[in-house]
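Novice: Going line by line, the protein sequences match chains S and X.
First residue of the first sequence? That's 1 in the numbering used here, and the numbers climb one at a time after it.
First residue of the second sequence? That's 1 in the numbering used here, and the numbers climb one at a time after it.
For the record, the hints were derived by calculation from the structure and aren't laboratory data.
Some clues are possibly wrong.
Stated by the list, open to error - In the SDA-like style, the derived pairs of lysine to any residue whose C-alpha atoms are separated by at most 20 Å in a straight line are:
#1 K59(X) - G141(X)
#2 K134(X) - L14(S)
#3 K66(S) - K134(X)
#4 K134(X) - D15(S)
#5 K109(X) - R47(S)
#6 K110(X) - K224(S)
#7 K110(X) - V54(S)
#8 K109(X) - I20(S)
#9 K66(S) - E104(X)
#10 K109(X) - P158(S)
#11 K146(S) - R4(X)
#12 K69(S) - D32(X)
#13 K69(S) - D106(X)
#14 K69(S) - Y176(S)
#15 K146(S) - M130(S)
#16 K109(X) - Y176(S)
#17 K59(X) - E104(X)
#18 K69(S) - R102(X)
#19 K69(S) - M144(X)
#20 K152(S) - Q35(X)
#21 K134(X) - R22(S)
#22 K66(S) - P27(X)
#23 K44(S) - K59(X)
#24 K152(S) - D106(X)
#25 K44(S) - E36(X)
#26 K69(S) - E36(X)
#27 K44(S) - S163(X)
#28 K109(X) - V170(S)
#29 K66(S) - S26(X)
#30 K71(X) - S53(X)
#31 K109(X) - T165(X)
#32 K224(S) - V137(S)
#33 K44(S) - L39(X)
#34 K109(X) - K69(S)
#35 K110(X) - R22(S)
#36 K44(S) - D32(X)
#37 K44(S) - F48(X)
#38 K109(X) - R22(S)
#39 K66(S) - D31(X)
#40 K134(X) - P168(S)
It should be emphasised that the depicted structure is a prediction, and the values quoted were computed from it without experimental measurement.
So you can see what is in the structure, the chains are spelled out below.
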Amino acid sequence: MACTLQHELLDAYLDQELGIERALEVESHLASCRQCASEVESWKEIRAPLQSSVLYYRAPAQLEDKIRKMVSPSHAPETPEKFPWFQRWIWAGGGAVFAAAALLIAFAITRPATISPNEALVDNHVRSLMPGHLMDVISTDQHTVKPWFDGKLEFAPPVQDFAAAGYPLVGGRLDYVDGHQAAALVYHRALHVINLYIWPTENTASSSPTAQTIRGYNVVSWRKNGFEFRAVSDLNTAELRDFAHLVAP
Amino acid sequence: MPERFDQLILPHMDAAYNLARWILGSPADADDVVQEAFLRALRFFDGFRGGDSRAWLLKIVRNTSYSWLRKNRPATFAEEFDETLHSTENTTANAETQLLSRAETDRLKKALETLPLAFREVLVLREIEGLSYKEIADVTGAAMGTVMSSLSRARQKLRSELSATAVKEV
């Protein structure tokens, strides 16, 4: 029997763009038409890898820095309207001296307000929570997550699961922190997500965890065994500190 | 910078880059175009009347990418568009098309890269970026019905591309 279903309905069905009535119609059609059913199934098989993070091109960290600087008012050199009276002096023939003075002052005023590394981490954490960005390797098994980093990083980050203590490891990804590569391990605490960033440091002195709150997120920082650690989460400080003590007892 | 720009537009930087990267096919070009697009977005931000900020930004990214293509690769651009006029042959679903391994993901990536721009774009917006038909219509300026039919054709085209490469490998 030749199939008379309008082909596009299958796509709208796959995309959940049909109202309930049309969706039910398509479903009953699928039950009786093998060709359409296999087409829907085969697309589901293509869709899974299509939606994997491999095919998502994330903005490189350098580009992100560039754009943030570009759009931030403290960096924008092309906003002379901020200094109209300087301009008027210059237009009035105040000459090079005033121009130079204006430039100097403008420079002093518009000096980049540097974003602290921990603020950048909070940005990174927030971005990681967007769909499809949190994890490149999904596993609750430290013996899967740790080898996954091999060959992707120039160092071997310590990877441990703390499920028994209520902080299960759920995966990891590669990331950039403050201009260098970092391992980001993802842990859960109930419904909260914790990003644990780890990168090597030349500084061999250990430091004990210190907490900071940035825009409602907590950041706990410490250094141990030649690694910098930053745990970032919307979890409360006390529990995030407990987590830090599990990682670096 | 208006503070809202920071909160509404900057978080979609990955979406912007992903779209530009898929349209242009080159990291360096995507880099340039995304910067240009953010400058434009900043300039036009006063005109943003709320609503879907991701679709708003992606529309600018798309326009910027297309202007870039028209200027720098006019030949490819014309060709791409002619190709979309040809109807795709109706390939039946290939039950063997199982994409599981990394090698197969790479094959999928290649197949998607070789699709004509209009098809590639609609698949990237729908499947990779996860936009709804309405949002895709906002970004591309096409009617919802057009979005649906180009998606349908894009999928058929990708399927036939995949089964073609599968045959070659056997």
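Novice: Each hint should be assessed against the structure and marked as holding or not.
Specialist: Okay, the hints, checked on the actual structure:
Simply put, K59(X) and G141(X) have alpha-carbon atoms about 8 Å apart, close enough for the 20 Å limit, and the pair holds. Between K134(X) and L14(S), the direct Cα distance comes to roughly 15 Å. Compliance with the 20 Å bound is thereby established for this hinted pair. About 32 Å separates the Cα atoms of K66(S) and K134(X), which puts this hinted pair outside 20 Å; it is violated. A C-alpha spacing of about 12 Å is found between K134(X) and D15(S), which places the hinted pair at or below 20 Å, so the restraint holds.
For the proposed pair K109(X) and R47(S), the alpha carbon gap of about 12 Å is at most 20 Å, so the pair holds. Distance restraint check for K110(X) and K224(S): the Cα-Cα separation of roughly 43 Å exceeds the 20 Å cut-off, and the hinted pair is therefore not satisfied. A hinted pair counts as satisfied when its Cα atoms are at most 20 Å apart, and K110(X) with V54(S) qualifies at roughly 12 Å. With a C-alpha separation of about 33 Å, the suggested pair K109(X) and I20(S) falls outside the 20 Å cut-off, and the hint is violated.
About 35 Å separates the Cα atoms of K66(S) and E104(X), which puts this hinted pair outside 20 Å; it is violated. Taking the CA atoms of K109(X) and P158(S), the gap is near 33 Å; set against the 20 Å cutoff, the hint is violated. Restraint check: the Cα-Cα separation between K146(S) and R4(X) comes to about 39 Å, which exceeds 20 Å; the hinted pair is violated. Between K69(S) and D32(X), the direct Cα distance comes to roughly 15 Å. Compliance with the 20 Å bound is thereby established for this hinted pair.
Of the pairs offered as hints, the one joining K69(S) and D106(X) is violated, with about 35 Å between alpha carbons and a cut-off of 20 Å exceeded. In summary, the hint linking K69(S) to Y176(S) is supported, as the alpha carbons are separated by about 17 Å, within the 20 Å threshold. Note on K146(S) and M130(S): the hinted pairing is violated, with a Cα-Cα distance of about 24 Å set against a maximum of 20 Å. A hinted pair counts as satisfied when its Cα atoms are at most 20 Å apart, and K109(X) with Y176(S) does not qualify at roughly 24 Å.
At roughly 31 Å between alpha-carbon atoms, K59(X) and E104(X) are farther apart than 20 Å, so this suggested pair is violated. Of the supplied pair hints, the one linking K69(S) and R102(X) is violated, its CA atoms being roughly 37 Å apart against a limit of 20 Å. For the hint linking K69(S) to M144(X), the alpha-carbon distance of about 37 Å lies beyond 20 Å, and the restraint is violated. The suggested pairing of K152(S) with Q35(X) is violated, with an alpha-carbon distance near 28 Å, which exceeds 20 Å.
At roughly 18 Å between alpha-carbon atoms, K134(X) and R22(S) fall within 20 Å of each other, so this suggested pair holds. About 15 Å separates the Cα atoms of K66(S) and P27(X), which keeps this hinted pair within 20 Å; it holds. A threshold of 20 Å between alpha carbons decides the hint, and for K44(S) with K59(X) the separation of about 28 Å lies outside it, so the pair is violated. The hinted pair formed by K152(S) and D106(X) meets the criterion: a straight-line CA distance of about 18 Å does not exceed 20 Å.
For the given pair, K44(S) sits about 36 Å from E36(X) by alpha-carbon distance, which is inconsistent with the 20 Å threshold. Only pairs whose Cα atoms come within 20 Å are accepted, and K69(S) paired with E36(X) is accepted, the gap being roughly 13 Å. Simply put, K44(S) and S163(X) have alpha-carbon atoms about 15 Å apart, close enough for the 20 Å limit, and the pair holds. For the hint pairing K109(X) with V170(S), the CA-to-CA distance comes to about 27 Å; that exceeds 20 Å, so the pair is violated.
As the CA atoms of K66(S) and S26(X) are separated by approximately 18 Å, the hinted pair is consistent with the 20 Å bound. Between K71(X) and S53(X), the direct Cα distance comes to roughly 27 Å. Violation of the 20 Å bound is thereby established for this hinted pair. Between the alpha carbons of K109(X) and T165(X) the distance comes to roughly 12 Å, so the proposed pair stays at or under 20 Å and holds. Distance restraint check for K224(S) and V137(S): the Cα-Cα separation of roughly 25 Å exceeds the 20 Å cut-off, and the hinted pair is therefore not satisfied.
A threshold of 20 Å between alpha carbons decides the hint, and for K44(S) with L39(X) the separation of about 38 Å lies outside it, so the pair is violated. A distance of roughly 32 Å separates the Cα atoms of K109(X) and K69(S); the hinted pair therefore is violated under the 20 Å criterion. Distance check on the hinted pair: K110(X) and R22(S) sit about 34 Å apart at the alpha-carbon level, beyond 20 Å; violated. Between K44(S) and D32(X) the alpha-carbon distance is near 35 Å, which puts this suggested pair outside the 20 Å criterion.
The suggested pairing of K44(S) with F48(X) is violated, with an alpha-carbon distance near 36 Å, which exceeds 20 Å. Distance hint between K109(X) and R22(S) is unfulfilled; the C-alpha atoms sit about 32 Å from each other, more than 20 Å. Between K66(S) and D31(X) the alpha-carbon distance is near 10 Å, which keeps this suggested pair within the 20 Å criterion. Pair hint K134(X) plus P168(S) does not hold up; C-alpha atoms about 38 Å apart against a cutoff of 20 Å.
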